[in-house]
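Chemist: Build the full structure now, drawing on both the sequences and the hints.
There are 2 protein chains.
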Amino acid sequence: MAVYTDVSFEDLESFLESYDLGEPRVFKGIAEGVSNSNYFLQTETGAYILTLYEMRVEAADLPFYLALMEHLACSEIQCPTPVHARNGEVTGLLNGRPAAILTFLDGVSLRRPTAEHCQAAGRALAALHEAGASFKGRRANALGPQGWRTLADDCAQKADTVGDGMRALIEEELASLTAAWPATLPQGIIHADLFPDNVLFVNDRLSGIIDFYFACNDALAYDLAVMLNAWCFETDGAFNLTKGRALFAGYQTMRKLNLAERAAFPLLCRGAALRFLLTRLYDWINHNPIALVRPKDPREFARRLRFHKGVKQPEAYGL
Amino acid sequence: MAVYTDVSFEDLESFLESYDLGEPRVFKGIAEGVSNSNYFLQTETGAYILTLYEMRVEAADLPFYLALMEHLACSEIQCPTPVHARNGEVTGLLNGRPAAILTFLDGVSLRRPTAEHCQAAGRALAALHEAGASFKGRRANALGPQGWRTLADDCAQKADTVGDGMRALIEEELASLTAAWPATLPQGIIHADLFPDNVLFVNDRLSGIIDFYFACNDALAYDLAVMLNAWCFETDGAFNLTKGRALFAGYQTMRKLNLAERAAFPLLCRGAALRFLLTRLYDWINHNPIALVRPKDPREFARRLRFHKGVKQPEAYGL
Chain A
1 MAVYTDVSFE
11 DLESFLESYD
21 LGEPRVFKGI
31 AEGVSNSNYF
41 LQTETGAYIL
51 TLYEMRVEAA
61 DLPFYLALME
71 HLACSEIQCP
81 TPVHARNGEV
91 TGLLNGRPAA
101 ILTFLDGVSL
111 RRPTAEHCQA
121 AGRALAALHE
131 AGASFKGRRA
141 NALGPQGWRT
151 LADDCAQKAD
161 TVGDGMRALI
171 EEELASLTAA
181 WPATLPQGII
191 HADLFPDNVL
201 FVNDRLSGII
211 DFYFACNDAL
221 AYDLAVMLNA
231 WCFETDGAFN
241 LTKGRALFAG
251 YQTMRKLNLA
261 ERAAFPLLCR
271 GAALRFLLTR
281 LYDWINHNPI
291 ALVRPKDPRE
301 FARRLRFHKG
311 VKQPEAYGL
Chain B
320 MAVYTDVSFE
330 DLESFLESYD
340 LGEPRVFKGI
350 AEGVSNSNYF
360 LQTETGAYIL
370 TLYEMRVEAA
380 DLPFYLALME
390 HLACSEIQCP
400 TPVHARNGEV
410 TGLLNGRPAA
420 ILTFLDGVSL
430 RRPTAEHCQA
440 AGRALAALHE
450 AGASFKGRRA
460 NALGPQGWRT
470 LADDCAQKAD
480 TVGDGMRALI
490 EEELASLTAA
500 WPATLPQGII
510 HADLFPDNVL
520 FVNDRLSGII
530 DFYFACNDAL
540 AYDLAVMLNA
550 WCFETDGAFN
560 LTKGRALFAG
570 YQTMRKLNLA
580 ERAAFPLLCR
590 GAALRFLLTR
600 LYDWINHNPI
610 ALVRPKDPRE
620 FARRLRFHKG
630 VKQPEAYGL
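Residue numbers (the working numbering), protein chains in the order written: chain A, 1 to 319; chain B, 320 to 638.
Keep in mind that the hints were calculated from the coordinates and are not lab data. Here the structure is a predicted model, which means the values were calculated and not measured.
Pair ranges (Cβ atoms, derived): (1) B:Ala-378 to A:Glu-89: 49 to 55 Å; (2) B:Gln-465 to A:Pro-63: 57 to 63 Å; (3) A:Ile-285 to B:Asp-516: 33 to 39 Å; (4) B:Asp-330 to A:Ala-263: 36 to 42 Å; (5) B:Gly-556 to A:Asn-87: 36 to 42 Å; (6) B:Glu-332 to A:His-287: 30 to 36 Å; (7) A:Glu-89 to B:Gly-365: 32 to 38 Å; (8) A:Ala-67 to B:Asp-473: 54 to 60 Å; (9) B:Thr-572 to A:Asn-288: 48 to 54 Å.
Think of the CB as a built atom: it goes at the ideal place given N, C-alpha and C, for glycine as much as any other residue.
Modeler: Quick look at the structure:
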């Protein structure tokens with residue numbers, strides 16, 4: 001949670017000269033976003049987010065993310081949409097960083113979503129998958145099995161200092177998941193990071209989906225497996241079957257999973273747990289103490305991964 | 320710039336049960352405030368700031384600050400005003416911290432204010448002094464000459480590692496300022512920290528004054544000396560006489576300085592420069608590298624202090 005690149009009001013004013021957004025009324029750095037610097041901006045014409053893309057978001061991928069958000073917003077998905085500058089561009093350079101202005105969505109993210117929220121979020125994911133089908137852009141999932149291998153190698157030496165048996169757990173899982181990873185499930189645009197932080201609600205009504213900076217092409221059901229990991233476990237580590245059922249029910253009102261997707265679901269859940277275990281472990285081990293972000297505990301996902309290893313049938317998730 | 324205490328939406332929801340503010344629509348931690356955690360909150364009824372008071376703001380002083388803001392807002396000073404809970408209280412406990420909800424003011428703070436902005440800000444300071452005259456609360460200035468002595472002692476050992484001759488400069492100034500510090504100038508409520516960060520503008524019109532957590536009773540002209548230090552120097556260290564003139568002109572449209580205040584002005588400027596030199600030096604020396612706040616450079620105020628030492632007459636400032 002940080003603002004990495006400082007933007008003065010005067011910097012903002014020059015940047016806004018290329019846009020038709022009117023006079024700024026509010027401009028505040030917000031303590032949100034692990035990889036980017038984000039500012040809340042209100043002008044005569046509305047509310048926006050100004051994002052400066054720091055190193056972790058590869059500049060080459062920016063056009064993909066921004067075009068995707070624009071495509072989804074045009075397809076009535078409630079998500080931020082980039083504002084075009086007068087010259088038509090959706091990015092500019094601000095204090096040495098690529099920067100974009102996106103529309104701001106009202107809503108708050110929940111720390112402890114209920115089953116009803118899970119259902120609404122599941123439905124929104126299916127709507128996103130449907131709307132993504134007509135999107136032309138493509139981006140490979142950098143955090144699929146190949147990416148896991150690289151992260152696992154980088155973390156191998158120190159993994160056991162973070163949790164007992166961590167290294168062995170990762171190696172075993174990597175070996176069996178890589179061997180069995182399904183290649184023929186229905187593919188499409190996935191959000192790939194739809195945690196409760198990235199879903200907004202107003203008055204318990206879903207009002208938006210944000211943070212598309214991991215979006216890519218991959219198996220649609222994998223996206224739902226990410227959500228199951230992120231939405232359906234209690235803070236004590238217990239799996240909440242009611243929330244699982246609600247998530248699937250919401251999703252399947254819009255898009256039915258086929259038999260292959262159902263059968264692969266336990267495996268996809270293990271893969272999703274491993275993916276977040278590995279990125280958190282990497283950030284934990286390589287955490288710079290003077291950084292402005294506190295790393296998240298990787299062990300949470302080691303527990304979830306162990307839970308999934310014990311699951312034999314999709315029914316155990318409520319599917 | 321940080322959020323020290325994490326507040327989930329659910330924490331907020333329970334806290335809001337004591338208020339009549341309606342349903343929350345936006346809730347974001349903002350990267351602002353060195354001592355407190357601040358959240359931007361928008362509900363059905365308007366925009367607010369939720370502040371959690373961390374250690375640096377003494378809980379015993381909170382009623383003074385909040386009552387002062389309420390008094391000033393009632394006297395048509397544009398400043399945040401605390402929202403009363405249903406039981407009449409203006410503070411509550413949130414995640415172990417005293418917390419208050421204040422009205423949010425539109426406006427942006429300027430990094431490089433012009434002479435016109437200085438004039439508007441000077442006028443607003445005089446209006447604040449006038450409105451403060453009828454306020455009954457009292458709080459001594461903890462960062463007056465006695466406070467400087469304590470800070471200087473704490474920093475003495477390491478002062479010269481920050482800047483050449485820093486320790487000697489501080490000791491000499493402390494000795495001469497303490498001996499000559501005026502005790503009979505007109506007193507009242509002062510803001511004591513009216514830097515450009517704390518003054519908001521919309522479309523070049525002053526829209527608000529914020530951050531009253533150093534406010535206290537002291538010499539009114541000292542408050543203007545703080546502003547001269549904060550508003551009238553260029554980034555290269557040069558004093559901008561045009562801005563000085565504008566600041567005084569703005570102030571004196573509402574409140575004329577008397578002869579004693581004019582005569583004391585160079586001394587007050589030295590005191591104000593020393594006060595910010597010392598607090599910055601203390602924060603610089605005692606900076607915890609894992610803290611979320613980057614300390615400000617104390618040497619800026621050493622340069623200003625040396626400039627003031629060379630000033631013999633208030634005319635040199637444009638007064």
